Amino acid sequence: MKFLCVGLHWKTPISLRERLAFDRDQVELALQQLRQRHEEAEFAILSTCNRTEVYSAGGEGSQEIRSDEIIRFLSDFHDVSMDEFVPHLYTHENAKASYHLFEVASGLDSLVLGEVQILGQVKQAYEQAARVSSAGPVMHTIFQKAFNVAKRIQTETGLTRGRLSIASAAVDYIKGVFEVFRDKTVLVIGAGKMAELTVQHLRELHPGRLLVLNRNIERAEAIAARFGGEAWAFGRLEEALTQADIVISSTAADEPIIHASDFARVMKARRQRLIAIVDIAVPRDFDDAIREMANVLLWNIDDLERVRHQTIRSRRSELVAANKIVEDELGQLDVQLALLQSGPIIGQLDQRFQRIIEDELAWLLPQLNGLSDAQREKIKHFTHRMKNKMLHAPKATIREELKQGRVGVLELIQKLFGLDRR
Amino acid sequence: MDFASRISLLCFGASYAISMVAELFRFLWPHRWVRWIATGSALAGMLAQTLFLVHKGWLSQRIPISNQFESLVFVSWLMAMVYLYLILRDRRLSAGIFVLPITIGLVGMAASLSPEEAGASDAGNTVLSATHGLTLLVGTVVMVIATVVAVMYLVKLRQLRRGSVFSRVRLPALERLDRLNLAAVYLAWPLLTIGLGLGFMLHHLKISDPKVISTLIAWFILTVLAHYRYQPEHRGPRVAVLTIVAGLAVLVSFLGDPIFGTAHLRDRSTHLPAREAGEGGS
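Read top to bottom, the protein sequences are chains A and B.
All residue numbers for the first sequence refer to the working numbering, where the first residue is 315 and numbers rise by one.
All residue numbers for the second sequence refer to the working numbering, where the first residue is -12 and numbers rise by one.
There may be inaccurate statements among the hints.
Said to hold, decoys possible - Derived DEER-like restraints, expressed as beta-carbon distance ranges: (1) B:15 to A:531: 50 to 56 Å; (2) B:177 to A:454: 55 to 61 Å; (3) A:642 to B:170: 40 to 46 Å; (4) B:-3 to A:707: 46 to 52 Å; (5) B:15 to A:698: 56 to 62 Å; (6) A:548 to B:220: 26 to 32 Å; (7) A:520 to B:145: 34 to 40 Å; (8) A:619 to B:177: 47 to 53 Å; (9) B:177 to A:602: 42 to 48 Å.
Since the hints were derived computationally from the structure, they do not count as laboratory data.
The structure presented is a predicted model; accordingly, all values stated were derived computationally and were not measured.
Cβ atoms here follow ideal geometry from the backbone N, Cα and C, with glycine treated the same way.
Work out the full structure, taking the sequences as your base and the hints as a guide.
Now the structure itself:
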């Protein structure tokens, strides 16, 4: 059994990636065509904006699926000359292909290290393959293992933790302050692109109320209408700050719009209720002295940038742990695949002994004249019992050896009994 | 019950210590096995401690809270339960480093006392005595929880102010910690007030007893805290610090006998009415 992966990823120019990508319908069509070419093999196609990969499993010896066949198929299907894309392709076989799939599913091979969306896309690729019956037991085993690896990496390492944009880092900060958001008021000061982007990220928290303040009330109204909030005149700033729990500020003002003394008044009016302020304006909208006040958490663009870098560093530092998980699970996959393969081999072994018995009976029984049918049946039954008893111990040993990870036992059995190596 | 009689403080104390080491190890290597070891050891310790307490109660035919030794074991058992609840509810939470040192400390303190002093008191015999003991113990545990939550609040606040959003010490949001603190303070205050009231009613306590003095001080600080928390203006780090002060005061009063070298619980039997003093006990 051979597990093969042929593909290209984000290092390939986008113009070429676009031409070799499969849409949803094309994936199913391509899988059906591949199955027509190789009836006994299994296939799956992963196609995202950053990668296109074809996975195949099954076939050995003359039936083996070669990478050049997959490459030719890609070329024919998309009508792209092989010369154009072959230099960008990578090919992995067997353990390396499984390793690669594990890395892909867990975001280790992604453009943004540790991204989690890819896991959903890999699941989708497997489900599509299963739907058109091009994924069989081997694909099932390997893909399930890949999902398990990704899940372990997500829970046991910090590889997927944190966000990589300023706006999303602000959301991470806020989630550290508040737990429930449906009773919270979000105040957005300024109606620039950055404020809009941050509000977009904040929507995932489903805050109870959104207030938008801007010197130009029409722009405030436009954002408020888009995100289901209320537009307030800029003159109501202190009142809005009194009501808000979360503040996003990004005005283009030349100097702070809120000084410490103003904010002390606001805090008194809000009876020292906890407030989280994300000041993404440059220069800053909130006087830096405000961050020293009790029950105020104020972050500016530098803090958010630091979080972004921290996330990148922290993800890199988790690589060793993540790779260790990939390697651990790869070892277990070998055993699982060997157990999967052992079924047909044990079946062959059984059939081989059965054939010997039948040959020998065909030689013996005609020589034993005078035997009744019942006696002949007894002899057949005896040989059948003897075969089962003789094979019981080897079968149990094979399974036990495989469970212990000694997968070489299958090859040995094949050699010893001259079984079909396919 | 023969098996339970062989369980010692070392059994569950060591289990909690292993759990604590595993919790610390999780910062270096957050593997699921390490988490399982931490949870498994705590579960094993909890089981052993439960059997230990059931056995004690079975032998004396009363709730095992009648002396300082038993009270320490009982409170540490409740704290272990709190740890298990937290870790099973949110496996990523760094609850162990805050709760387990207290559990282990209480078990360690119990180990320094003689369990044989257990029979001297009859505090667990009557409904009122049992209520007195239980309200004080549960109130103490709730106050210790409030203190742990307050420490967590300060650590979380520091993390947020320093910009370490993804610290390895994973804690709940500030808002949740504040709500937990509020709930714990409001639960601890009536429990400890009832417990103290019953104590004064049941036993003729001497006002000069250092344990009594420390208990009154602790109750006073807790009352100030409860009043302080009632006003919405008072929240955040100041409340957290005051909670820690109140929590420590409650803990000192709870550990009064070994700290001050007094024998409050043992002396109780001599102050009990004759009918009560004559019942039960070994």
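Status of the hints after comparison with the structure:
no.: 1; hint: B:15 to A:531: 50 to 56 Å; result: 54 Å, holds
no.: 2; hint: B:177 to A:454: 55 to 61 Å; result: 59 Å, holds
no.: 3; hint: A:642 to B:170: 40 to 46 Å; result: 42 Å, holds
no.: 4; hint: B:-3 to A:707: 46 to 52 Å; result: 47 Å, holds
no.: 5; hint: B:15 to A:698: 56 to 62 Å; result: 59 Å, holds
no.: 6; hint: A:548 to B:220: 26 to 32 Å; result: 28 Å, holds
no.: 7; hint: A:520 to B:145: 34 to 40 Å; result: 28 Å, violated
no.: 8; hint: A:619 to B:177: 47 to 53 Å; result: 49 Å, holds
no.: 9; hint: B:177 to A:602: 42 to 48 Å; result: 44 Å, holds
The structure shown violates just one earlier hint, number 7.
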